[in-house]
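> Construct the entire structure; sequences and hints are all you get.
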Amino acid sequence: MKSIDSETRVHSPGYCSNPIISIIVPVYNTGRYLPACLDSLLGQSFLDIEVICVDDGSTDESPSLLDSYAYRDGRVRVFHRENGGVSSARNFGISQSRGRYVLFVDSDDYIEKTTCQLLIEAAERDNSDIIVFGGVTFPHVGWIDRCFGTHDVTIRGNGIDALLREPGSFPLMCNKMYRRSLIVDNSVSFSSDLVLGEDNAFQFSIFPYAKTVTFLSCSLYHYRCGRSGSAIAEYYGDSLSKIKKHLDVVRYVFNDWQTKGILQTHKKEILGWSLMFLHEDAVKLDYWDRREIGEEYGRLCDAFAVSSAISELDSFEQKVAAFLSFEFRKNQLPSVSIISFTGKGRAAEEAFLSLSSQDYQNVELLMVCDAGSFEGSAIKASFDPRARVFGSFADAVASARGLYVLVAPGGAVYDWAFVGRMLSAAQGEGADVVVCFDYGNRLRLESEDFNRMLKTRDKGKYPTIECPPDKRLTVFSPIDIPEYAISVLSPSFANKLIRTEHLKRCCSSLQHAHGSFDVLVEAAKIAIVPYRFITMHALPLSKAEVLALADARVQLISEFASKIINTSGYERFAESWAVSSANYLLSGYELVSTYEGKCLYAQCVHNSLGNDVAGMITSSTSLSEDVRNRIASMVSSDAESFVKDDLCGALERFGESAAAHEDAALFHETETFEFYHSISYRLGRLFTAPLRKCLTLASRTKRVERNR
9 MKSIDSETRV HSPGYCSNPI ISIIVPVYNT GRYLPACLDS LLGQSFLDIE
59 VICVDDGSTD ESPSLLDSYA YRDGRVRVFH RENGGVSSAR NFGISQSRGR
109 YVLFVDSDDY IEKTTCQLLI EAAERDNSDI IVFGGVTFPH VGWIDRCFGT
159 HDVTIRGNGI DALLREPGSF PLMCNKMYRR SLIVDNSVSF SSDLVLGEDN
209 AFQFSIFPYA KTVTFLSCSL YHYRCGRSGS AIAEYYGDSL SKIKKHLDVV
259 RYVFNDWQTK GILQTHKKEI LGWSLMFLHE DAVKLDYWDR REIGEEYGRL
309 CDAFAVSSAI SELDSFEQKV AAFLSFEFRK NQLPSVSIIS FTGKGRAAEE
359 AFLSLSSQDY QNVELLMVCD AGSFEGSAIK ASFDPRARVF GSFADAVASA
409 RGLYVLVAPG GAVYDWAFVG RMLSAAQGEG ADVVVCFDYG NRLRLESEDF
459 NRMLKTRDKG KYPTIECPPD KRLTVFSPID IPEYAISVLS PSFANKLIRT
509 EHLKRCCSSL QHAHGSFDVL VEAAKIAIVP YRFITMHALP LSKAEVLALA
559 DARVQLISEF ASKIINTSGY ERFAESWAVS SANYLLSGYE LVSTYEGKCL
609 YAQCVHNSLG NDVAGMITSS TSLSEDVRNR IASMVSSDAE SFVKDDLCGA
659 LERFGESAAA HEDAALFHET ETFEFYHSIS YRLGRLFTAP LRKCLTLASR
709 TKRVERNR
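When we follow our numbering, the leftmost residue of the sequence shown carries the number 9, and every step to the right adds one.
Hints are supplied without guarantee of correctness; some may be wrong.
List time: in silico DSSO-like cross-link candidates among lysine-lysine, alpha-carbon distance up to 30 Å [claimed, not checked]: (1) Lys571 to Lys512; (2) Lys121 to Lys219; (3) Lys551 to Lys652; (4) Lys253 to Lys268; (5) Lys292 to Lys327.
Simulated from the structure, these hints should not be mistaken for lab results. The structure displayed is predicted, hence computed values, not measured ones.
Given below as structure tokens:
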């Protein structure tokens, strides 16, 4: 191991012989990001720091960069070691630290200029053992952003409560400053046996010793996401390996708390944490892998005698526990039959996995495939004993044993709670159809549209049922308002749970696996669950699949148009049918991902949609100008010309939106630049400079005297 000569360091500019904060930076092949990180540390407004850089066997330019910074600034201490992993590097950094407090910064991240100043002020004000603070990811990753501190509070006398009840306590390492004696005196260290999640395990080791924990809402840490070579990136897409590593963390924490004698008194909390920790990856496993992990987790809970606390968990945690332990009777009739359509590629695999991993597991999976993919579908079905394979949609519906049916198209990815929430709504309200939102609004169900509709209609004529806030259901009877149901709701099956008998009654021919207007019109009651549960992915469809998609939508629209023209009483649906049909045709077009596929879809609509039906749609006064123009162009123009014009229009709309954001950003940037370069700001800095220097000197003198 090599380090910068101590004599050189003492005489380097900025050398601090008695640092208050030791900033530990493990470094491994991050030369591209290292200058930004170190510049943010050495540019701190609080000067009494040391920066301990532990080079963990880097093979890029990181070692030379570290040495150059150490020669330029005596506060930087560099140690070059053979590769031993981030845990070993952090432990070594702690052993070399001299500060009263320890802060950990990853070498590809950076911190705000005032970070150390704010943290030391909070620590001295509250006499804190741990200070937790806020941060932000770049690029944005929601779940990591939620792991930072979110509000200002100080917890005294109970570090375990601070750990388990306050956001920001775990799993991150980078958003905390620790009293060094808390780590050293209690012999807490990072486990080198943990390949992933070692920072999470560290929090469960250190927090129980803390007497006072301060939480700050200020966003001080900038966390880089998506860097190749990082531990998270290494396991991205390999959920089975990742969850096995996380099981090691759970085992470590269980054992550590049992050794400390606190596991049994907090088994409910620690069990709940472990379930939520494993849940994110468990939903990405197929049936048998999930069963393997569930059984191993069950044995672990039994070995540490925490299984008895399951009954004390909240409802969601109990649902996760049931999901991992497969708590449903294998031979009972399924409540929901899920009919899915097999496809190729990652999007299709993700769609099938989202269905097989639903939190409500008493389902059957009915897989529809063509003759060419039957063998592959049978292999996929073998990964889940609840799955069966059928050659046609009609056969799958005829074989459905569930009370309700979900018809899931290829490319539709469902949230984990979809089936459970929709089934609860269906049974609670006795509805024939339950509808939810999708994230891209491709299924034509906007909460704003629906709420506006209810406000503008006579509630005596168009009844609604007031539901408790936790249910948030809107229920209405299409016997009273079927035309409005059609305009608000898409005919697509994708976002609906349908009573099996109702589906069979409305779709006697069972030719349309994509959707049905009759399912909406003939329902005695429809319940709407205003949550977004579905992501509709555009798919690289084959020529035959694009033609089938377009033909099915045109045929569905044309058949209901015939009813409007020829069946007494159906004329009242004309306006709402036109709105729904236009959006349904365009959503099908948007589900095709390739240029050639879009041209083929548009050509099929152009050839198949009769002039009378097209005229009924485009003449509707309820259509927006943009939708009317796009449909008119699709049915009247050359397909390739339509697609080119439509894509150019989409780029133009995107450009206008981007330009608006750019103008706003430029305005704020200009304001900021003008402020910091204004005469008043510069004069203010000039006049207050002597006072600020005196205050900084007095603060440093006071700390030196206190340390003596």
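> Are the Cα atoms of lysine 551 and lysine 652 separated by 30 Å or less?
holds, 19 Å
> Decide if the proposed pair is consistent with the structure: lysine 253 and lysine 268, CA atoms, cutoff 30 Å inclusive.
It holds: about 23 Å lies between the C-alpha atoms, which stays within 30 Å.
> Holds or violated: are the alpha carbons of lysine 571 and lysine 512 at most 30 Å from each other?
holds, 19 Å
> Taken at face value, is the distance from the CA of lysine 327 to the CA of lysine 292 at most 30 Å?
holds, 16 Å
> Are the Cα positions of lysine 121 and lysine 219 separated by 30 Å at most?
Holds: lysine 121 and lysine 219 sit about 28 Å apart, inside 30 Å.
The structure meets every hint from the earlier list without exception.
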